[in-house]
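There are 2 protein chains.
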Amino acid sequence: MTDTPLSPGSTIGILGGGQLGRMLAMAAAELGLNCHIYCDEENAPAYEVAAYHTVGAYDDEAALRAFAQSVDVATLEFENVPAAAMAMVSKDAPVFPPPFAVEVSQDRLAEKRFAQELGIGVAPYREVKSLEELEAAVETLGRPGLLKTRRLGYDGKGQVKITDETDLAEAHELVGGVDALYERFIDFRCEVSVVAVRGQDGEMRFYDPSENRHENQILAETRIPARVPDEIVSNATDIARRIVEALDYRGVLCVELFYGGERAPAPLIVNEIAPRVHNSGHWTLDACAVSQFENHIRAVVGWPLGPCTRHANAVMKNLIGDDVKQWLELAREGNAGLHLYGKRHIRPGRKMGHITWLSAMNGEC
Amino acid sequence: MTDTPLSPGSTIGILGGGQLGRMLAMAAAELGLNCHIYCDEENAPAYEVAAYHTVGAYDDEAALRAFAQSVDVATLEFENVPAAAMAMVSKDAPVFPPPFAVEVSQDRLAEKRFAQELGIGVAPYREVKSLEELEAAVETLGRPGLLKTRRLGYDGKGQVKITDETDLAEAHELVGGVDALYERFIDFRCEVSVVAVRGQDGEMRFYDPSENRHENQILAETRIPARVPDEIVSNATDIARRIVEALDYRGVLCVELFYGGERAPAPLIVNEIAPRVHNSGHWTLDACAVSQFENHIRAVVGWPLGPCTRHANAVMKNLIGDDVKQWLELAREGNAGLHLYGKRHIRPGRKMGHITWLSAMNGEC
Chain A
7 MTDTPLSPGS TIGILGGGQL GRMLAMAAAE LGLNCHIYCD EENAPAYEVA AYHTVGAYDD
67 EAALRAFAQS VDVATLEFEN VPAAAMAMVS KDAPVFPPPF AVEVSQDRLA EKRFAQELGI
127 GVAPYREVKS LEELEAAVET LGRPGLLKTR RLGYDGKGQV KITDETDLAE AHELVGGVDA
187 LYERFIDFRC EVSVVAVRGQ DGEMRFYDPS ENRHENQILA ETRIPARVPD EIVSNATDIA
247 RRIVEALDYR GVLCVELFYG GERAPAPLIV NEIAPRVHNS GHWTLDACAV SQFENHIRAV
307 VGWPLGPCTR HANAVMKNLI GDDVKQWLEL AREGNAGLHL YGKRHIRPGR KMGHITWLSA
367 MNGEC
Chain B
7 MTDTPLSPGS TIGILGGGQL GRMLAMAAAE LGLNCHIYCD EENAPAYEVA AYHTVGAYDD
67 EAALRAFAQS VDVATLEFEN VPAAAMAMVS KDAPVFPPPF AVEVSQDRLA EKRFAQELGI
127 GVAPYREVKS LEELEAAVET LGRPGLLKTR RLGYDGKGQV KITDETDLAE AHELVGGVDA
187 LYERFIDFRC EVSVVAVRGQ DGEMRFYDPS ENRHENQILA ETRIPARVPD EIVSNATDIA
247 RRIVEALDYR GVLCVELFYG GERAPAPLIV NEIAPRVHNS GHWTLDACAV SQFENHIRAV
307 VGWPLGPCTR HANAVMKNLI GDDVKQWLEL AREGNAGLHL YGKRHIRPGR KMGHITWLSA
367 MNGEC
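Those protein sequences? They're chains A and B, same order as listed. Positions in the first sequence are counted from 1; adding 6 to them yields our numbering. Positions in the second sequence are counted from 1; adding 6 to them yields our numbering.
Think of the hints as simulated: they come from the structure by calculation, not from any bench. Quick caveat: nothing in here was measured; it's all calculated off a predicted structure. Using N, Cα and C, we set each Cβ at its ideal position, and we do this for glycine too. Among the hints, a few may not be true.
[As the list claims (entries may be wrong)] 20 Å max Cα-Cα, derived SDA-like pairs, lysine to any residue:
| no. | chain 1 | residue 1 | chain 2 | residue 2 |
| --- | --- | --- | --- | --- |
| 1 | A | K323 | A | P310 |
| 2 | B | K331 | A | P11 |
| 3 | A | K331 | B | P150 |
| 4 | B | K331 | A | N341 |
| 5 | A | K331 | B | G15 |
| 6 | B | K167 | B | N277 |
| 7 | A | K331 | B | K167 |
| 8 | B | K331 | A | S13 |
| 9 | B | K331 | A | P310 |
| 10 | B | K331 | A | G15 |
| 11 | A | K331 | B | K323 |
| 12 | B | K331 | A | S16 |
| 13 | B | K323 | B | R356 |
| 14 | A | K331 | B | T17 |
| 15 | B | K331 | A | T17 |
[Stated by the list, open to error] A short list of chain B residues far from chain A (calculated; beta carbon distances all over 10 Å):
| no. | residue |
| --- | --- |
| 16 | S136 |
| 17 | E171 |
| 18 | L344 |
[As the list claims (entries may be wrong)] With beta-carbon atoms standing in for the labels, derived distance ranges:
| no. | chain 1 | residue 1 | chain 2 | residue 2 | range |
| --- | --- | --- | --- | --- | --- |
| 19 | B | E339 | A | P150 | 46 to 54 Å |
| 20 | B | E268 | A | A366 | 33 to 41 Å |
| 21 | B | D254 | A | E237 | 54 to 62 Å |
| 22 | A | L124 | B | Q223 | 46 to 54 Å |
| 23 | A | E209 | B | V61 | 53 to 61 Å |
| 24 | A | Q223 | B | D236 | 24 to 32 Å |
| 25 | A | F191 | B | E339 | 46 to 54 Å |
| 26 | B | T10 | A | E209 | 44 to 52 Å |
| 27 | A | R247 | B | E268 | 51 to 59 Å |
| 28 | B | P235 | A | N49 | 50 to 58 Å |
| 29 | B | T10 | A | G340 | 16 to 24 Å |
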């Protein structure tokens with residue numbers, strides 16, 4: 007394990023080469039640290055801003071080990087890195103976050119059980135290993151609801167909505183007939199997420215919870231501060247704290263929560279735990295002295311954490327698919343940070359960039 | 007010339023690969039733009055964060071032209087790029103800032119004459135082409151003063167201080183016997199600099215003037231706001247405006263001024279014009295929504311300029327030579343942005359990084 011802080015000039019390995027890896031690599035470069043990106047794509051957004059990159063499959067043992075041997079510490083930028091790949095890398099380099107945290111978040115069932123063991127609310131659910139179990143679960147919990155695969159889900163992938171009209175056999179086939187769970191639909195007021203960071207010395211810091219709005223199951227907009235009661239802000243932060251502690255976590259982690267308001271069974275319910283920097287924390291690039299990306303890098307290399315305080319209110323909007331064609335209009339926006347990910351091809355649903363508008367924290371100042 | 011804004015995915019060529027090129031390349035990457043760095047060093051700080059780089063001499067015509075043909079627009083990160091190199095590049099790519107501005111700033115005599123033609127104050131000086139002319143100049147202007155080579159000076163290089171004890175023949179030899187000028191020493195209160203930016207459409211914007219403190223003729227600290235009367239702030243900005251307009255400038259330019267207080271012949275005197283992003287503008291990375299680096303990139307690719315407003319007061323300290331060994335203590339500082347340049351070897355006088363402390367603009371808020 008990394009007991010002493012790594013010096014400037016050290017190399018951080020990053021599994022994954024998307025926009026999160028790109029923004030991590032830039033944060034590392036600001037601190038005089040190099041990055042080595044490992045990714046299975048020929049042209050990944052992170053390559054262009056990293057000192058080194060390897061194009062390799064996540065089951066290519068020789069490539070993974072050579073990568074691990076070339077770095078001083080390793081981390082990841084998406085949570086679906088195969089456990090076997092992480093295990094291979096960890097033979098030659100310390101890996102943060104801890105593999106256990108990644109395993110929990112890769113498996114929706116394990117994630118829910120983990121939260122429940124901590125006494126944190128989750129949406130009512132049943133495990134589904136067959137069509138019969140799906141039928142029984144829907145019978146017990148009622149409709150509407152969501153059938154979700156246990157593994158490999160993000161941005162609405164691996165999910166089917168079950169309404170009154172849905173044919174269950176069809177739905178079961180749609181998710182591929184794999185191990186899944188059925189979750190009753192939660193009528194929440196808004197999604198709130200907390201970006202937390204924990205250093206090698208165990209210190210924890212938290213960015214202010216944000217309010218998130220999704221469109222087509224993809225994050226569309228994040229707003230800071232969240233329009234929820236103060237008590238909810240502190241409860242959300244407390245939930246993040248308990249999760250980070252229980253996972254003996256190192257690095258940045260994001261907890262997505264549903265805020266149901268007074269009517270809900272529990273005011274806050276865990277939707278997802280992401281063991282990485284998170285889209286709902288992109289606003290920290292423009293509104294904080296130290297962003298989630300820099301704080302993740304600091305945690306990974308054993309440096310003291312930076313402050314999570316912010317100097318502005320913020321609204322972050324994702325630029326998805328054709329949205330990015332508006333780049334020239336967006337570049338004209340005053341007091342906004344525009345971030346484009348250098349992706350060569352626009353595809354529907356693809357995150358191409360984001361923009362964060364800043365405003366004064368105290369209107370009266 | 008660049009009449010229409012270059013699209014994201016375009017490539018900007020940068021002559022020079024130091025920390026300024028590195029920070030320019032990162033700013034470009036944030037906007038989805040690629041950089042190609044051209045530098046004569048084997049390991050330059052900018053290479054690690056740029057999509058492409060060429061190691062080549064500044065008189066290697068073939069390498070320069072191949073570089074120029076690979077980019078959509080070119081710029082520079084240090085003002086001593088040989089005029090011939092710029093001319094070669096401009097055969098195949100538009101170059102900003104305009105070569106005339108670079109030529110003026112490369113020649114201390116041309117720079118002074120240019121300022122004088124605009125009615126802007128300069129320190130009393132005489133051209134010095136021989137020892138005899140030096141003796142006559144010192145006789146006329148008095149001591150103490152500075153003997154400065156006309157070309158290739160920065161960070162105190164190419165300068166010799168002339169005191170009562172100085173042997174003039176020795177001093178003349180020290181600067182290499184080349185064309186020079188003798189300048190009477192100005193007893194100024196502080197140095198103030200203005201970072202200005204002008205877009206392709208002619209729009210001009212200005213960051214708030216900073217107050218600079220030098221040690222051993224190298225910038226040690228920049229403070230925002232400058233502790234000078236409001237009238238001086240607006241006069242300094244006006245001087246920058248006149249210079250930028252007269253040069254028909256495109257991109258970021260910095261004007262260094264001496265503020266002499268009420269006793270001085272003119273309250274503000276131009277010390278230097280730097281046709282590039284400047285060390286005294288590094289604070290904009292942490293205290294502004296859009297930094298000098300991003301605004302230079304925006305100007306070069308023909309995008310609308312970003313705001314030059316700041317959200318905080320700032321004190322920027324350069325980490326020179328061994329200062330950088332304090333990186334761990336500096337990383338512990340709250341509300342500060344730490345920036346390390348990834349340079350592999352520490353040398354006395356070498357700029358290794360900087361740190362910017364932020365504080366609230368209005369103590370009462």
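Looking back at the hints listed earlier, which ones does the structure fail to meet? Per hint list: 1, 3, 4, 7, 11, 18, 22, 23, 24 violated.
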